[in-house]
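Please build the complex by placing chain B on the supplied structure of chain A, with the hints as guidance.
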Amino acid sequence: MATRMDLSPNQVVRLAQVGDGPSTERLLTSDAIWMCAGCLTCTQRCPKKLDPAAIMDVLRELSSEGGKVSGHQQQILKFHRSFLDSVEQTGRMQELLLVAFYKMRTLDLFSDVMLGPAMLARGKLPLIPSRIRGYQEVQRIFDSCRKRPSAQGDSR
Amino acid sequence: MNTIGYYPGCSLHGGGRELDMSIRAISVVAGVVLKEIDDWSCCGATAAHSLNHDLAVSLPQRVLALAEAQGFRQVLAPCAACFSRLKGTHVRLQRSEALAQKTRRITGLEYRGTLEIVNVVEYANRLLTDGLDRKLSQPLRGLKVAAYYGCLLSRGEGIIENEDPEDPKGMDAVLRASGVEVVPWSHSIECCGAGFSMSLTDAVLDLSRDILAQAQAAGAQAIVTGCPMCHSNLDMRQQKINSRGLGSFDMPIMYLSELIGLAAGLTPESLGLDRHFVDAMRVAGRNR
Chain A
367 MATRMDLSPN
377 QVVRLAQVGD
387 GPSTERLLTS
397 DAIWMCAGCL
407 TCTQRCPKKL
417 DPAAIMDVLR
427 ELSSEGGKVS
437 GHQQQILKFH
447 RSFLDSVEQT
457 GRMQELLLVA
467 FYKMRTLDLF
477 SDVMLGPAML
487 ARGKLPLIPS
497 RIRGYQEVQR
507 IFDSCRKRPS
517 AQGDSR
Chain B
6 MNTIGYYPGC
16 SLHGGGRELD
26 MSIRAISVVA
36 GVVLKEIDDW
46 SCCGATAAHS
56 LNHDLAVSLP
66 QRVLALAEAQ
76 GFRQVLAPCA
86 ACFSRLKGTH
96 VRLQRSEALA
106 QKTRRITGLE
116 YRGTLEIVNV
126 VEYANRLLTD
136 GLDRKLSQPL
146 RGLKVAAYYG
156 CLLSRGEGII
166 ENEDPEDPKG
176 MDAVLRASGV
186 EVVPWSHSIE
196 CCGAGFSMSL
206 TDAVLDLSRD
216 ILAQAQAAGA
226 QAIVTGCPMC
236 HSNLDMRQQK
246 INSRGLGSFD
256 MPIMYLSELI
266 GLAAGLTPES
276 LGLDRHFVDA
286 MRVAGRNR
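Protein chains in written order, with our numbering: chain A, 367 to 522; chain B, 6 to 293.
Next comes chain A alone, as it looks inside the complex (with noise of 0.2 angstroms):
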């Protein structure tokens, strides 16, 4: 994913190691830190053995918390809490949950669409989603770990 990166990953270390106002804010508005996949090659090869795929966790989490999700990475974030949606609601993922929740964030009806279809024939969709058990002791740990209650910026 790196040569599709605004800024490259030893970029991004570099300026969180400046750390300043202004390069907080490249970092944080940064189409980079979404677009990283958390594949750990950059963690695997860096010659100085810092860890630039946790540094991106955490700066993705402060950009999300502080509103500063680039506009071109809108549809990462939406697809991240569509996925933690389901996982909330039910205890697990569930495809068609997921999919649910996405499509209605992002508005993209069509895209894909025929691929629900192909993928129910071939028993990969599970069109009833079941809930686990103890789906309120997962609702919990959502709970404990919302830091601030749905507070700033971006849109949901």
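Everything labelled a hint here was simulated from the structure, so no lab data went into it.
Keep in mind that a hint or two might mislead.
In silico BS3-like pairs for lysine-lysine, Cα to Cα no more than 27 angstroms straight-line [what the hints assert, rightly or not]:
(1) A/Lys-434 with A/Lys-469
(2) A/Lys-513 with B/Lys-107
(3) B/Lys-149 with B/Lys-245
(4) B/Lys-149 with A/Lys-469
(5) A/Lys-513 with A/Lys-434
(6) A/Lys-415 with B/Lys-174
Just chain B, lined up with the frame of chain A:
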């Protein structure tokens, strides 16, 4: 290892169903009982570690704590992403008592760190050394494959062990025992675009195209993976890669456990081969 805890993870109930089917099938052949962790929940995957650090550790910790309390010593997590999250959490909780305490407060559950978490490549190798090799009576002679590890079966400090992260070889012995020829190639540890299949589709199509093209150039007739996300990007998205004009591929994408199952003489349907997007049934029948 006659009974082992089983964490299928969410994908294996949906898009990654063949991995679940084939893992269960080869376990039966090997005489290993997979016992599902009762009431397991999602590991949080990329979404949790992208948005909330506490959640990224707490969700896997619930799973680990349940498995431990249910008396398991070992847990098999066939999905590469689940494995990476579960074992990564295990390692981090071992290294930081402060994090362990905080996580305990969040989940209300204790994890003492006694589990051994096993991925699909490690599991296959163990089955092999425990006698499965003698049951692979129908080797897939003449099949050339590219062994594809992607990110989470090759990298992760303290998570992937006994493997060269730049040139992993963990699948080789199992594939050879299945009669398969493993071709050398360039893209065994490149990223396929992972969880961006919906949110950054173009990137996934490009990255997966490169992997398909390099496997083809190396003379592979199939790509072998252990990750349901890689499988989905390479198999389900292959049609879109072709229709976008990025190539004209017709490359079956096989799970490691499917090839082992075929070599053990199991029917392709029982392993889920008829559920692939790119025809995988042609890979079966080579051994008959």
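Here is what the structure says about each hint:
1. A/Lys-434 with A/Lys-469: holds (22 angstroms)
2. A/Lys-513 with B/Lys-107: Given pair A/Lys-513, B/Lys-107 holds - Cα atoms ~14 angstroms apart, limit 27 angstroms.
3. B/Lys-149 with B/Lys-245: It holds: about 25 angstroms lies between the C-alpha atoms, which stays within 27 angstroms.
4. B/Lys-149 with A/Lys-469: violated (40 angstroms)
5. A/Lys-513 with A/Lys-434: With a Cα-Cα distance of about 17 angstroms, the restraint between A/Lys-513 and A/Lys-434 holds, given a limit of 27 angstroms.
6. A/Lys-415 with B/Lys-174: holds (24 angstroms)
The structure fails hint 4 only (numbered hints given earlier).
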